[in-house]
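**Student:** The chain contents come next:
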Amino acid sequence: MSPRIALYGLLWRAALAQVHPYAHRIVLWLTPVLSLAAVVLAWKVYGPATAASWGANALCSMTLLTWTWGFLPGAFKLNSPANAQLTPGMRARLLELAMTVWMLCIAGLALANAGSPSDVVLRVVWWMVASLGMALAATGNGAGSVVILAIWPLMGLPSVIPDWAHAMMAHPAFLPLLAALLVAPGLLTIRTIFPRAGDRHWRQLEKRNVWRDTDGLRNREDGRFMRWWQARSLRRASGRRDLGAMLLHGGGPGLQVGGIVLGIAGLGLVGLALVGLMHLGDYSRAAELALEMGWMWSLLPLILFQMHTLMLANLTEKPAGQSLLRLAPAMPATAPRFNRLLASTLLRSSLLAWAMATVTALACSILTGAGGDEVLMVASMCCLALPTMILPLRNHAHRSRYNSVLQWLLGLAIAGVCLLVAVVVRGVLALPVFPIAAVFSVLLVVAMTARRYRSMVRAPFAFPAGRLD
Amino acid sequence: MTSHSPQLFSIVPSSTEPIYRQLVEQVRRLVAGGQLAPGDALPSVREVALQLAVNPMTVSKAYGLLELESVLERRRGVGMLVADRPRKRSGEGDINARLALLRPTLERAAREARELELDPDTVLSLFKNLLKESP
Amino acid sequence: MTVLPIQMRGVARRFDSKTVLDGLDWEVGPGQVIGLLGRNGAGKSTLMECLLGLREIDGGSIALFGESPDALSDATRARIGYVPQKSDLFDWMTPLQMLDYFKALYPRWNDAKVEALLGRWGIDVAMRNRPIRRLSGGEQQRLSIIRALAHDPDLLVLDEPVSALDPAGRRDFLTELIDGVIERGTTVVFSTHILTDLERVALDVAFLKGGRIVLEGDLDDLLDGAAGQVVNGVHQPKSLEDLFIEVTR
Chain L
1 MSPRIALYGL
11 LWRAALAQVH
21 PYAHRIVLWL
31 TPVLSLAAVV
41 LAWKVYGPAT
51 AASWGANALC
61 SMTLLTWTWG
71 FLPGAFKLNS
81 PANAQLTPGM
91 RARLLELAMT
101 VWMLCIAGLA
111 LANAGSPSDV
121 VLRVVWWMVA
131 SLGMALAATG
141 NGAGSVVILA
151 IWPLMGLPSV
161 IPDWAHAMMA
171 HPAFLPLLAA
181 LLVAPGLLTI
191 RTIFPRAGDR
201 HWRQLEKRNV
211 WRDTDGLRNR
221 EDGRFMRWWQ
231 ARSLRRASGR
241 RDLGAMLLHG
251 GGPGLQVGGI
261 VLGIAGLGLV
271 GLALVGLMHL
281 GDYSRAAELA
291 LEMGWMWSLL
301 PLILFQMHTL
311 MLANLTEKPA
321 GQSLLRLAPA
331 MPATAPRFNR
341 LLASTLLRSS
351 LLAWAMATVT
361 ALACSILTGA
371 GGDEVLMVAS
381 MCCLALPTMI
391 LPLRNHAHRS
401 RYNSVLQWLL
411 GLAIAGVCLL
421 VAVVVRGVLA
431 LPVFPIAAVF
441 SVLLVVAMTA
451 RRYRSMVRAP
461 FAFPAGRLD
Chain Y
470 MTSHSPQLFS
480 IVPSSTEPIY
490 RQLVEQVRRL
500 VAGGQLAPGD
510 ALPSVREVAL
520 QLAVNPMTVS
530 KAYGLLELES
540 VLERRRGVGM
550 LVADRPRKRS
560 GEGDINARLA
570 LLRPTLERAA
580 REARELELDP
590 DTVLSLFKNL
600 LKESP
Chain X
605 MTVLPIQMRG
615 VARRFDSKTV
625 LDGLDWEVGP
635 GQVIGLLGRN
645 GAGKSTLMEC
655 LLGLREIDGG
665 SIALFGESPD
675 ALSDATRARI
685 GYVPQKSDLF
695 DWMTPLQMLD
705 YFKALYPRWN
715 DAKVEALLGR
725 WGIDVAMRNR
735 PIRRLSGGEQ
745 QRLSIIRALA
755 HDPDLLVLDE
765 PVSALDPAGR
775 RDFLTELIDG
785 VIERGTTVVF
795 STHILTDLER
805 VALDVAFLKG
815 GRIVLEGDLD
825 DLLDGAAGQV
835 VNGVHQPKSL
845 EDLFIEVTR
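Residue numbers (the working numbering), protein chains in the order written: chain L, 1 to 469; chain Y, 470 to 604; chain X, 605 to 853.
Extracted from the complex, chain L is given alone in its bound form (with noise of 0.2 angstroms):
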């Protein structure tokens, strides 16, 4: 094997490993399982043309996940300052590999697909945009998180684009044009991914985003307003002797349900407000597309509230000096005392950002016009999404077997686990899906947080002065 294919072999895996020891071993199993598993699907219920199809776009998309979330992040870390300016070639390798990976995945998804040219051509713009967005995110650029938030509504775009336009995209060419016209803006958006040491390399290490600290998305550094934010609640907390309060502010920044609740709130009033704008304009496809967005923007406040959960559930894996709270008077003295107020506080915050989210997303769905069976719906996704609620009730003193991916996927499989059985429940008893996998949710929810709760106060002291591995 080449060296160069070696050194791009290793890269990849020291990447993976920054992200997670088990990463690739994981990738690389998971991988083909879940390929085989959907070739063998489709071959079933459609046939081998799209057996392949799907075959191959469950590896592509795999392996962009895996791209987006694993090796980039890792990549990042990689390429520190002195890596990027003095260890030679190692930026220009990374580069390299991250670009092929890309174009290779997107033209592997453009293959895929290659049934409706012009469907091809939005989707291969639209994976392209998203991809790009999510790397800026996954590697804690702020543009990231601006890419993203735009670009989710527009996946209900097709119905919208003039036929003069559909007709341009048919052209055989216009897909190659078109890819290699994103190219530049591609590489453009790699290259500021990996900088090249220098005073913007320094402000982006410090910044140390939400997004690209997949073990544990805390750290941030947020804007001014936020500290702002955080200030006068830290001044309140101090000020009213609130313990649980100041508890949270012990263990980080940003945790407080203060900035979730805000920033829930003003999601759905961004939401509000583009409907608004588009029934000002008098649109004639208003309404539908109201209720194309509105159902994917009334899950964003759910998304939020999982990531405040997840941020709680991993409150202490960077130490951070909460283990001088023990000494402080004020604090309760004994581990039992002090694991009942850290999980009371824990769960008051949870249930508080989920009240939250619930209250925005039936809100948002009523005033876009939504009918009493979206709404239903709604509400029981907003149930199905309680489940994450459990993960801040754990014992602390222990690190964490799970980094945040693994735990909120832990939290879909639990709502996982509920549709199903609305569904076996479906069949004897024929009572909607949704509905009863909500309840089922509900019920889950309660007992689990009855029996973590109990365990929580039970297990040793929340912030020792180090992980009881």
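No lab work stands behind these hints, which were simulated from the structure alone.
Please note that a few of the clues may not be correct.
Unchecked claim - One-sided excerpt, in silico: chain L residues whose CB lies under 7 angstroms from chain X:
no. : residue
1   : P253
2   : G321
3   : A333
4   : P464
5   : A465
Said to hold, decoys possible - Covered by chain X, per the in silico footprint, the following chain L stretches (three or more residues, Cβ under 8 angstroms):
no. : stretch
6   : 243-252
7   : 322-332
8   : 335-348
Backbone N, C-alpha and C define an ideal beta-carbon position, used for all residues, glycine too.
For this one, chain L is given, so just place chains Y and X on it according to the hints.
**Tutor:** Positioned in the frame of chain L, the structure of chains Y and X alone reads:
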């Protein structure tokens, strides 16, 4: 009666001698040499400790030892004073005591002279010239 | 009979298979200024963390002012000040925020002393409103010391408090230690590798080796070679450095 400032003292922390012993020796030399006249007030423990950045109890120990030797005496309300001792300027015992204080330094100088392989006469003439120089 | 600030008996602590503290006995009386010495990795930080209840112990008993560390009363905790080795704690807060935070947690807080120390130790107004992670290592360490001194503790436990300070900073720290801490009869336990500082302020030293305190005594006596426990072959050590190397070999 003069009171002395804490700048009077200096210590070498990493030397072989413990700090309190260095202080004791220094006070003995100053008293024998006359810079500390009987009845002079020494700086307080706290002042010396702050000046030299040493533990006040170390200074206190040094002062205590000197008090036991009757080099210093404690006067209530004033602090530590140099004790009145019958001073015979050219007495035999006094000379011997002062020579004993100088001996360690001369022993060190002699050892260094041997290491540098200098003959005694050269060294002695150098020493005589140095003694003639007034500070 | 006054209660001893620190009393440790048979304390044991293991990390996986490695035994860091092995049946350690130690007592520190009120007003003592004791330096804890040991090689890198000997377990000085672990000892201090176990002492204060920040880490669990695998055996033995500890009494801080007569109380067990895992159930310290509020009054006792208000008498203890700790400066950990890592000084970049709460690094997202600004110095003023951090000090206000701890002020809310402690009953007694000497605002005048905090203000004076912030001024004297060069943490000017611009720095006080910048996140702690933006300060240099020395400034962070000085801030950490101020935080521990602010509530006038009776027991001060310092873990390499001056490792990142320049000589002027160390002199300032020693002066403050002598002036504001030792003079008031505070018990001080500190570990440092800078032996000249130790020689100036410590009256006793304790050597940690093999998970136990192998040699403990008056610094002056040890240097004179007249210690109660003389380790084999150690006669008239030339300096604290030689004694250190000799004992911890």
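**Student:** All hints are to be evaluated individually against the structure, with a verdict given for each.
**Tutor:** Checked hints:
1. P253: holds (4 angstroms)
2. G321: holds (3 angstroms)
3. A333: Check passed: Cβ of L:A333 comes within 5 angstroms of chain X, closer than 7 angstroms.
4. P464: holds (6 angstroms)
5. A465: holds (4 angstroms)
6. 243-252: With 4 residues closer than 8 angstroms to chain X, the stretch 243-252 of chain L meets the three-residue bar; holds.
7. 322-332: It holds: at least three residues are needed, and the stretch 322-332 of chain L offers 9 whose Cβ sits within less than 8 angstroms of chain X.
8. 335-348: It is violated: at least three residues are needed, and the stretch 335-348 of chain L offers just 1 whose Cβ sits closer than 8 angstroms to chain X.
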